[in-house]
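> Sequence:
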Amino acid sequence: MEYCLSQQSKKLITRGYALGITVESSAAFELQGKAGIKTDVFPLVHQELKTTRTASLAKTIFIIDEASMLSSQQGHELIKNIERTGARLILVGDKAQLPSVNAGRLFGLTQEYGIETTTMDEIVRQKKEVLKEAVMTAIKGDVKDALDKIEIKSQATHEERVAWIANHWLSLTPDTREKTLLFAPTRANRESIIKLLREGLKEEGTLSSKPFCHLTLKAKTIEPIQQRFVAYHQKGDRVRFNQDFKRHKISSGHYYTVATSLKDIEKRMYYP
Numbered sequence: 003m004e005y006c007l008s009q010q011s012k013k014l015i016t017r018g019y020a021l022g023i024t025v026e027s028s029a030a031f032e033l034q035g036k037a038g039i040k041t042d043v044f045p046l047v048h049q050e051l052k053t054t055r056t057a058s059l060a061k062t063i064f065i066i067d068e069a070s071m072l073s074s075q076q077g078h079e080l081i082k083n084i085e086r087t088g089a090r091l092i093l094v095g096d097k098a099q100l101p102s103v104n105a106g107r108l109f110g111l112t113q114e115y116g117i118e119t120t121t122m123d124e125i126v127r128q129k130k131e132v133l134k135e136a137v138m139t140a141i142k143g144d145v146k147d148a149l150d151k152i153e154i155k156s157q158a159t160h161e162e163r164v165a166w167i168a169n170h171w172l173s174l175t176p177d178t179r180e181k182t183l184l185f186a187p188t189r190a191n192r193e194s195i196i197k198l199l200r201e202g203l204k205e206e207g208t209l210s211s212k213p214f215c216h217l218t219l220k221a222k223t224i225e226p227i228q229q230r231f232v233a234y235h236q237k238g239d240r241v242r243f244n245q246d247f248k249r250h251k252i253s254s255g256h257y258y259t260v261a262t263s264l265k266d267i268e269k270r271m272y273y274p
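Heads up, the sequence shown is in the numbering used here, so the first residue is 3 and it goes up one at a time.
It is worth saying that the hints were derived from the structure and are not from the lab.
Just so you know, these numbers come straight off a predicted model, no measurement behind them.
Certain hints may be false.
Once the Cα atoms are required to be at most 27 Å apart in a straight line, the calculated BS3-like pairs of lysine-lysine come out as [as the list claims (entries may be wrong)]: (1) Lys142 / Lys129; (2) Lys237 / Lys220; (3) Lys197 / Lys212; (4) Lys212 / Lys237; (5) Lys52 / Lys222; (6) Lys142 / Lys130; (7) Lys97 / Lys36; (8) Lys155 / Lys142; (9) Lys181 / Lys151; (10) Lys197 / Lys151; (11) Lys181 / Lys134; (12) Lys97 / Lys134.
Label pairs and their in silico Cβ distance ranges [what the hints assert, rightly or not]: (13) Asp177 / Arg249: 21 to 27 Å; (14) Lys61 / Thr175: 20 to 26 Å; (15) Ala140 / Arg192: 22 to 28 Å; (16) Arg179 / Leu217: 24 to 30 Å.
Don't be surprised by glycine CBs; every beta carbon is placed ideally from N, CA and C.
Work the whole structure out from these sequences, hints included.
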């Protein structure tokens with residue numbers, strides 16, 4: 003998909019401005035890196051669009067990658083602002099893949115209601131014939147047959163699987179490592195693999211023994227309507243506001259930490 007977008011983006015950029023939108027930050031990095039399209043995540047783009055002057059983006063084309071991840075509400079708000087600013091919108095993705103976390107399936111519904119759709123059915127990412135056959139088989143829904151066509155290494159226990167993945171990656175040359183992706187089904191699996199990779203890289207001298215810690219934030223799995231109520235936030239949560247609240251001196255884009263919760267306050271209250 004990124005290959006197709008990279009070819010089309012060159013034409014779009016010569017005629018105007020092409021900007022990418024994704025739901026996940028990792029997808030934004032992928033789209034910008036491989037397709038060469040300046041990309042940001044939906045909340046940031048949506049917030050900027052709301053404050054953009056009407057009919058001021060006539061030469062701008064927004065491209066949403068993995069559009070199936072957009073909820074109906076997100077899609078409705080986005081399309082409304084796209085129309086108001088005079089921009090154009092292109093939805094890219096697979097309606098049978100990566101569904102939205104929130105309610106609705108904008109990408110599938112727009113196609114069912116007759117939006118002009120172009121289907122890309124040529125496999126360009128996989129170069130080897132056996133891999134192309136596996137992909138085509140998976141598209142048809144025969145997952146077992148697709149997996150039988152590719153090489154699979156299996157281990158008896160979780161610990162053995164994690165160790166094999168880390169050791170295999172460490173055995174690769176630096177150039178091959180750059181082109182090799184590691185996938186883990188859970189954050190716990192990912193952390194276990196990364197720990198082994200760090201230890202291996204330290205042993206070979208690629209990493210220094212001095213650690214560097216970086217704080218990362220994990221999104222809470224609560225509905226947008228729940229985000230508005232304090233009962234769904236706990237002490238220590240980091241909250242990001244997407245609009246200004248001058249009355250409370252809160253600025254858009256800033257992060258705030260929950261210092262206490264209603265439950266904590268109720269415990270400390272004394273009722274005579």
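> So, for every hint listed, does it hold in this structure?
Hint by hint, here is what the structure shows:
| no. | hint | verdict |
| --- | --- | --- |
| 1 | Lys142 / Lys129 | holds, 19 Å |
| 2 | Lys237 / Lys220 | holds, 15 Å |
| 3 | Lys197 / Lys212 | holds, 14 Å |
| 4 | Lys212 / Lys237 | violated, 31 Å |
| 5 | Lys52 / Lys222 | holds, 25 Å |
| 6 | Lys142 / Lys130 | holds, 19 Å |
| 7 | Lys97 / Lys36 | holds, 22 Å |
| 8 | Lys155 / Lys142 | holds, 24 Å |
| 9 | Lys181 / Lys151 | holds, 22 Å |
| 10 | Lys197 / Lys151 | violated, 31 Å |
| 11 | Lys181 / Lys134 | holds, 19 Å |
| 12 | Lys97 / Lys134 | holds, 21 Å |
| 13 | Asp177 / Arg249: 21 to 27 Å | violated, 56 Å |
| 14 | Lys61 / Thr175: 20 to 26 Å | violated, 45 Å |
| 15 | Ala140 / Arg192: 22 to 28 Å | holds, 24 Å |
| 16 | Arg179 / Leu217: 24 to 30 Å | holds, 26 Å |
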